[in-house]
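**Q** The lines below spell out each chain.
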Amino acid sequence: MLMAFWHLFTGFFKIGMFTVGGGYAMLPLMQQEIAKYGWITPAEFIDMIAIAEMTPGAIAVNTATFAGFRTAGVLGAILATASLALPSLLIIVPLSNFWEVHRDHPILKAIFSGVKPAVAGLIGAAAIYIAETAFLYDPLLAKKDGFPVDLRSLLIAGAVFAAVRKLKFDPIKAIIISAVVGLVVFGF
Amino acid sequence: MQPKKRKKQATATLRELFVAWFKIGLFTFGGGYAMLPLIEREVIDKKGWTDKEEILSIYALAQSVPGVIAANTSIILGNRLAGVRGAVVAAAGVMAPSLLVIMAIASYFDYIMKSVYVLQAFSGIRAAVVGLVAAAAVRIALASLKDKPAYAIALTAFVLSAFTEIHAIVIILGGALAGFLVYYFGAKGRAED
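First to last, the sequence lines map onto chains A and C.
Position 98 of the first sequence, counted from 1, bears residue number 98 in the working numbering, the numbering being contiguous throughout.
Position 123 of the second sequence, counted from 1, bears residue number 123 in the working numbering, the numbering being contiguous throughout.
A hint or two may mislead.
[To be verified] Below, simulated DSSO-like cross-link-like pairs (lysine-lysine); rule was C-alpha separation at most 30 Å, straight line: (1) LYS168/A x LYS52/C; (2) LYS188/C x LYS166/A; (3) LYS146/C x LYS168/A; (4) LYS188/C x LYS148/C; (5) LYS109/A x LYS114/C; (6) LYS47/C x LYS173/A; (7) LYS14/A x LYS36/A.
[What the hints assert, rightly or not] Quick list of the computed label-pair ranges, beta carbon to beta carbon: (8) LEU155/A x TYR151/C: 27 to 35 Å; (9) PHE18/A x ALA152/C: 32 to 40 Å; (10) PRO94/A x LEU142/C: 18 to 26 Å; (11) VAL116/C x MET3/A: 37 to 45 Å; (12) ALA162/C x PHE98/A: 31 to 39 Å; (13) LEU151/A x TYR111/C: 36 to 44 Å; (14) LYS146/C x ILE172/A: 44 to 52 Å.
Keep in mind that the hints were calculated from the coordinates and are not lab data.
Yeah, the Cβ is synthetic: ideal placement off N, Cα and C, and Gly gets one too.
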């Protein structure tokens, strides 16, 4: 049992340490480590990604929790998740302290003046990727024939966009209401 | 009465940090950029811990170092507001919902995956996330695109990210280099003329 805890710690520490960019970038390394230690079966790993996408939280964190829980219960889940985040803590705290102190230096200011619009561009691309995934590959709606995008999904997305953008609607309420609306309108 | 626009003081108790990041973790579906709308609401609008422009620098930093983006973002802001303890508490807050929800699901995995009602509700949530992220993308574009070089950098980043396999870090580093050349080197060159 102690060995299982040690493997969870080293495995997920490694995953947290050597993947940059989060989410899907972590999956290949995670798959390797899971195959090495047999925390969960390959089929469970695929199901787990689906679950991780559907449930709240970061995908990598969800997968770590699942693998840890299956291997060693609640303690295993906590250990795997904490091990995943530990490298971030060790790296970011000194780095962001440096940034806070020197952020007004002209060179750093110039660099971040270029980085900000680049991130804005990345977010635009992410929005399109998220729309594509939700509209074209929804497990419930994608199977149906005819118009490739479900009109009800488009209407929900449009309504949420307008409510948040124009009315400053709370995103949390928008998600809860959309879940209820989805339950009703996708039932037909 | 205090003036309306007065900036809130950027301080936070550990409890406030935990609760705010717990909420963000609980209502983020899909990870990464999908948490942006919630961060804006909880961390920027409600708490005033950062602003719409600075969050882009924080995001860039979070994406350029190892680890989960959501956890990295919470660690940067937690560390600023309450030091290392703040960083640990914020990261614990953003990850705690995953722990609770996933452990519950792991116990009833097959049953939940087969429920059509669950799938229907999630089809609604997925559509909502599209609207939320689109709204955040528009807001961010309006906040960060201030001059022509910024438009050019944003457009290049968008095209590279949407249509090629180039990693986000490479694009961020490219933006950093462009920023250095345009806003430091370029400004210096103009000053010396």
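**Q** Hint compliance check: list the failing hint numbers for this structure, sorted ascending.
**A** 2, 5, 10, 13 and 14
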